[in-house]
Amino acid sequence: MRRITVGGAVLRGAVSTALTISLMSGSALAAPPVDLSKWSPEYVRSIAGTQDFDTAGDCAKVTPLDYKGRLTFWYQGVFEGDPDLLRQYYKDFFATFRKTYPNIQLEEQALTYNDLLDKFRTALLGNAAPMAVRLQILGGTEFASKGYLQPLKPEDVGYSTEDFWPGAMKAVTWDGVTYGIPTNNETMAFIWNADIFKRAGLDPNKPPATWDDVVKYSKQIHDKLGIAGYGLVARKNAGNTPYRFMPQLWAYGGGVFDEAAPNPTYKEVQLNSPQSKAALQASYDMYVRDKSVPVSALTNQQADNQPLFLAGQLGMMISHPSDYNVMLDLQKKATGTDKDKAQTVIDNMRYGLIPTGPDGKRAVVFGGSNIHILKPEYVEGGKVDEPAAKAIICMWTSPEWSLKMAYAGSNPGNLNGFKTKWMKERLDSIKFLDVTTSMLPYGIPFPALPQSPEIMNIIVPDMLQNALTGAMTVDQAADDAAKKVKDLMGGGL
Amino acid sequence: MTIVSGKADARRRLQSARSDVLRKMWEHRADYAYVLPAIAVMLIVIAYPIYYTIELSFFNTPPGLQLRDKIFVGFNNYTAILTSGVFWQVTFNTLIWTVASTFFSFVLGFAAALALHRDFVGRGVLRAILIIPWVISAVAASYIWKWIYHSDFGIIGAILVELGWAERPPNFIDSVSTVLPSLIVVNIWREFPFAMIMMTAGLQTVPEQLLRAAKVDGANAWQRFWHVTFPHLRNVSTVTILLLAVANFNSFIIPWIMTGGGPSNASHIWITHIYELAFGRQRWGVASAYSVLLFIILMTLGYFYVRALSGNERKDGSA
Chain S
1 MRRITVGGAV LRGAVSTALT ISLMSGSALA APPVDLSKWS PEYVRSIAGT QDFDTAGDCA
61 KVTPLDYKGR LTFWYQGVFE GDPDLLRQYY KDFFATFRKT YPNIQLEEQA LTYNDLLDKF
121 RTALLGNAAP MAVRLQILGG TEFASKGYLQ PLKPEDVGYS TEDFWPGAMK AVTWDGVTYG
181 IPTNNETMAF IWNADIFKRA GLDPNKPPAT WDDVVKYSKQ IHDKLGIAGY GLVARKNAGN
241 TPYRFMPQLW AYGGGVFDEA APNPTYKEVQ LNSPQSKAAL QASYDMYVRD KSVPVSALTN
301 QQADNQPLFL AGQLGMMISH PSDYNVMLDL QKKATGTDKD KAQTVIDNMR YGLIPTGPDG
361 KRAVVFGGSN IHILKPEYVE GGKVDEPAAK AIICMWTSPE WSLKMAYAGS NPGNLNGFKT
421 KWMKERLDSI KFLDVTTSML PYGIPFPALP QSPEIMNIIV PDMLQNALTG AMTVDQAADD
481 AAKKVKDLMG GGL
Chain F
1 MTIVSGKADA RRRLQSARSD VLRKMWEHRA DYAYVLPAIA VMLIVIAYPI YYTIELSFFN
61 TPPGLQLRDK IFVGFNNYTA ILTSGVFWQV TFNTLIWTVA STFFSFVLGF AAALALHRDF
121 VGRGVLRAIL IIPWVISAVA ASYIWKWIYH SDFGIIGAIL VELGWAERPP NFIDSVSTVL
181 PSLIVVNIWR EFPFAMIMMT AGLQTVPEQL LRAAKVDGAN AWQRFWHVTF PHLRNVSTVT
241 ILLLAVANFN SFIIPWIMTG GGPSNASHIW ITHIYELAFG RQRWGVASAY SVLLFIILMT
301 LGYFYVRALS GNERKDGSA
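Chain order of the listed sequences is S and F.
Mapping to our numbering: the first sequence position 211 is 211, numbers consecutive.
Mapping to our numbering: the second sequence position 153 is 153, numbers consecutive.
From the derived model, a few chain S residues whose C-beta atoms are all more than 12 Å from chain F:
1) A31
2) G57
3) N103
4) L106
5) Q136
6) E155
7) Q270
Here are the computed lysine-lysine pairs in the DSS-like style, where the Cα-Cα straight-line distance is at most 27 Å:
8) S/K341 x F/K146
9) S/K170 x S/K375
10) F/K146 x S/K333
11) S/K383 x F/K70
12) S/K99 x S/K68
13) F/K70 x S/K119
14) S/K38 x S/K421
15) S/K153 x S/K99
16) S/K61 x S/K99
17) S/K219 x S/K206
18) S/K206 x S/K361
19) S/K332 x F/K146
20) S/K341 x S/K291
21) F/K70 x S/K486
22) S/K431 x S/K332
23) S/K291 x F/K146
24) S/K198 x S/K431
25) S/K333 x S/K91
26) S/K267 x F/K70
27) S/K486 x S/K170
28) S/K38 x S/K206
29) S/K206 x S/K216
30) F/K70 x S/K375
31) S/K198 x S/K219
32) S/K421 x S/K431
33) S/K224 x S/K206
34) S/K153 x S/K383
35) S/K119 x S/K375
36) S/K424 x S/K91
37) S/K119 x F/K146
38) S/K431 x S/K206
39) F/K146 x S/K339
40) S/K341 x S/K224
If you are wondering where the hints come from, they were derived from the structure by calculation, not from laboratory data.
Since the structure is predicted, the reported quantities are computational estimates derived from the model, not experimental observations.
Positions of the beta carbon are idealized from the N, C-alpha and C atoms, including for glycine.
Same shape as in the complex, but just chain F:
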């Protein structure tokens, strides 16, 4: 008897909660109507491609067949990826690329932001100059750097040979051991201004009176930075690092234009490899499986990004 009445009670509560939700939705029907077009667009341009990519990742698409004649292979694409030597090489490259680019871009950007935070003559001009790498086209920058690095008649090589510091031009992008670091340098050059802008904005939120109070209390420059400035920049730093990491995971232009992933796959990162699999080799199924794996990794990063943002908001709200 008691059990029966308990179940009925729970059902009533559930019904009441449902009707409450429906009532609230009805009350906010105008709000839903406003966001409906945006949701519809997102479903078409984001949700459907994600669904289709996941679906395609279970099919084989040989070069002699149209995509509509694809062959179902279950998880074979995932197995093939995870057992392929190239996958691990490309994954290793991607990790090196992402971690090194993100870390050095952030450190350099932060250092530039700190240097430019002080007031001195020409600060505005210098700030504008440092932003140039970020605002010029990545495609143009890649071609320029390709020529700078050129293994036979690049500018760097010519200068080194002219100065007698090298017998022949150094091999930057035609060697498996130097190509990735060389491309990372270009990427850092392009990305550090972004970190600089973010950190400059962050620095402007550090309360001046706290720094002055710390100075009055006898704190030296490092102590003021470590105990006052840095804690205020923690959240903006997290967001900047996460944004850089996501952007670097998704990098395509610089490696593709400068080396096409070569030589011998030494500068292939996930995105360039996926592109080659899909458009060069028409392995839409394998490329989709790669994309699904990349999507999972990026979603994980995205989760931490949103958490960092939420942390910011909570902190701002409580302050």
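With the rest of the complex left out, here is chain S:
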């Protein structure tokens, strides 16, 4: 017979009361921190600066601040196309982490978007991966499906799944298990130079409403002014290409599969559908028929479009709100009359929603990055310091740092980031931020499949290049790409 002591009863009572309170007030039972159904620039402004967060205090509950350990960490860092402002936030983050966790020996390594996947894959083959990694949204499923990643959900680092965009959580879920946490999520916008529009006889305050208008405007700009109209990007193995072509493909009603549908199944390949071919035809018309886009589009990426735009040699492009800051950074480096010319371009820089397709469909890539923890057997030394990994993940995905690390170019992965004082500051200081937040509801994630990196980084750009170089007709290029996707999905060589 069990004896019930007064002390034991008090202890059990205290524990159960504490547990109930923590569940009610904590993240486990929390509703989404923002109302996604009300999403609009006004709503975002209304919630900005309404809540304070104690990052170190929250993360101390996950990993004590005096924890002693060692962490190897790779991350997709800033690249040549990012503004200086973002570089500073990255420096600040690592300095703050070291100050907050002085006993964790952090060995971090930054890699650019285009290099990270190759290097990470190679490291995994030699069981020499880092303990934690921050990957582009496209990469998580591939590594989760291969069994390299440990299950990891927001609750493991003190947050709630509802704190993150549902679409972003899909990108870190494989076979019903969550393998990572979103750090930032982004949607791009349409940028144009109002002065170029005016000189070309277009309404300077009215962006093209449809992709067909983009083709027309691009030709008009080129014919009237002799400069490039639209900043097409078709380089292979560069993230910039799918981020700019997929919105066009989806707007025309096409897709690689049915990823633009509310509940995608990824069963049927649609790259060669009439709608997909119409989207490819629009690119062909601009590059080959009208010659109204940069000739260098096949070897360029967005970082090459930025100086063209600043030099007043490009009328329209798709990019982040950060491009405004990039222009300011580039303008500072210009000298003499170039400085004034650049200032004129910056003064005439306008942001708008990405154009729709013929049926009014508007779409944009729901991009971003996720953070993951590796399984010990794939890590150099065969050990993963989980508390140390969770400490950096808690900090990076916190409302504060998920916002600061996405300050100029993206949006916080943690929806609570929209409530912070830094969001309010950001809305006041980052011009055109409203436009990109307005694009978020139109965001479509890349297919959550292990084959997605190859499809987006190689097959889709190949299709574009085959059509734009005349190596194949538009129909042949689309059929060829669709066949490659089918073969890939069928496990072909």
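Given chain S's structure and the hints, the job is docking chain F onto it.
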């Protein structure tokens, strides 16, 4: 009886030869001990990767599976390669790239070596300047050339437009027809100094008295070159050409950085294609099969290289 004794005789001779070899090996045991670490390192860093590449070439490695879960497919990777249109396009590109780069680098290097063989003021400075393309980083050179060639705001295009010689900048690396020749020019620019150095060294071995004797006998400059200088340079030329050919077959940096093999595979050569298959598409099996084929070709070239070197040694020994 005779047959039996013949067999026994042969066995005895074989045993004697074996014991002779073993005896010699034992006598040279210290020598073997000295080279053992080098052999061990070579086995680890060369022999094992070759074995593993050959093994991997018989497996399929789909993107959703780890390498350890690879699927045995026999010779399917080789069949897939040889029946693929891209293979023949890439092979054609590789041949054009290798032959053109090797030939023009050699000819230009040889011409520069001949020009600089004469004594004139500033020869040393000019020699140093011409070596610059070879000593600067290939990565840096590729980025510089990418900007020189840029189809919208490259230096060459800007100059041509400024001078009124072209209406718009020429399309060097964004066209399937001009990309490969444009990259070959960069490669020649980088490689000809190597040929120049090799041929300069070769020219210094041509006996001066033979040239003077030929001149006394009334031979003109061309005859002196063709009948005296060139025969002396035959072996160094062979070695230089073979080294250039092997290096060009293995080229990666210039095409990868400048075009990534594009547009539309027009500048993909074997190495860049293998890299993309392996690291971009994770087709480790197909990439390994490609590598095995390339290995066979390079080993064949290597055989001729060693033969050329041996020929040199024999000739030097007999001289």
